[in-house]
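Chemist: Numbering (the numbering used here), first residue to last: 1 to 85.
Please note that a few of the clues may not be correct.
[What the hints assert, rightly or not] For lysine-lysine, the following DSS-like pairs were computed, each having C-alpha atoms within a straight-line distance of at most 27 Å:
no.: 1; residue 1: 39; residue 2: 60
no.: 2; residue 1: 39; residue 2: 24
no.: 3; residue 1: 40; residue 2: 24
no.: 4; residue 1: 24; residue 2: 36
[What the hints assert, rightly or not] Here are the in silico distance ranges between beta carbons for each label pair:
no.: 5; residue 1: 24; residue 2: 49; range: 29 to 35 Å
no.: 6; residue 1: 19; residue 2: 51; range: 31 to 37 Å
no.: 7; residue 1: 44; residue 2: 20; range: 19 to 25 Å
no.: 8; residue 1: 47; residue 2: 22; range: 23 to 29 Å
no.: 9; residue 1: 60; residue 2: 38; range: 22 to 28 Å
no.: 10; residue 1: 64; residue 2: 42; range: 27 to 33 Å
I should point out that these hints are in silico values taken from the structure, not numbers from a laboratory. Glycine residues also receive a C-beta, built at the ideal position from the N, C-alpha and C atoms.
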Amino acid sequence: MLNNKTHLLQYVGNFSSMERFAAKYGGAAAMYMISKRLKKRHNITDERAALYDAAEHWVKALNGRSFMGMWWPFPLGVSYGSTLL
1 MLNNKTHLLQ YVGNFSSMER FAAKYGGAAA MYMISKRLKK RHNITDERAA LYDAAEHWVK
61 ALNGRSFMGM WWPFPLGVSY GSTLL
């Protein structure tokens, strides 16, 4: 019986070195290809300018409010706003 988490971590999630290598570099290659596809789909040539434009659009949507929600932050406003810092 597994009573503590350290015992659980020893047996769950153990991958061979080849599996770790494939996940690490295969995932990186997939994310690179996805980023190129998204840039092409949204006609983005300059990533920095697109990020600043999106941030400016979000700030204008605030209309002087502190949060996108009511009087308190809700998860979308907090998570989206924290990516701009």
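Chemist: For each hint, tell me whether it holds in the structure or not.
Modeler: Okay, the hints, checked on the actual structure:
A threshold of 27 Å between alpha carbons decides the hint, and for residue 39 with residue 60 the separation of about 24 Å falls inside it, so the pair holds. A threshold of 27 Å between alpha carbons decides the hint, and for residue 39 with residue 24 the separation of about 23 Å falls inside it, so the pair holds. Among the hinted pairs, residue 40 with residue 24 is consistent with the structure: their alpha-carbon atoms are about 25 Å apart, no more than 27 Å. Restraint check for residue 24 and residue 36: satisfied, since their Cα atoms lie roughly 19 Å apart, inside the 27 Å limit.
Distance hint for residue 24 and residue 49: a CB-CB separation of about 31 Å, consistent with the stated range 29 to 35 Å. For residue 19 and residue 51, the Cβ-Cβ distance of about 34 Å falls inside the hinted range of 31 to 37 Å, so the restraint holds. The given range of 19 to 25 Å is broken by residue 44 and residue 20, whose C-beta atoms sit roughly 32 Å from each other. Residue 47 and residue 22 have their C-beta atoms about 28 Å apart, which keeps the hinted 23 to 29 Å range intact.
At roughly 23 Å, the beta carbons of residue 60 and residue 38 sit within the given window of 22 to 28 Å. Checked against the given bound of 27 to 33 Å, the beta carbons of residue 64 and residue 42, roughly 29 Å apart, stay inside it.
Against the hints set out earlier in the document, a violation occurs for number 7 only.
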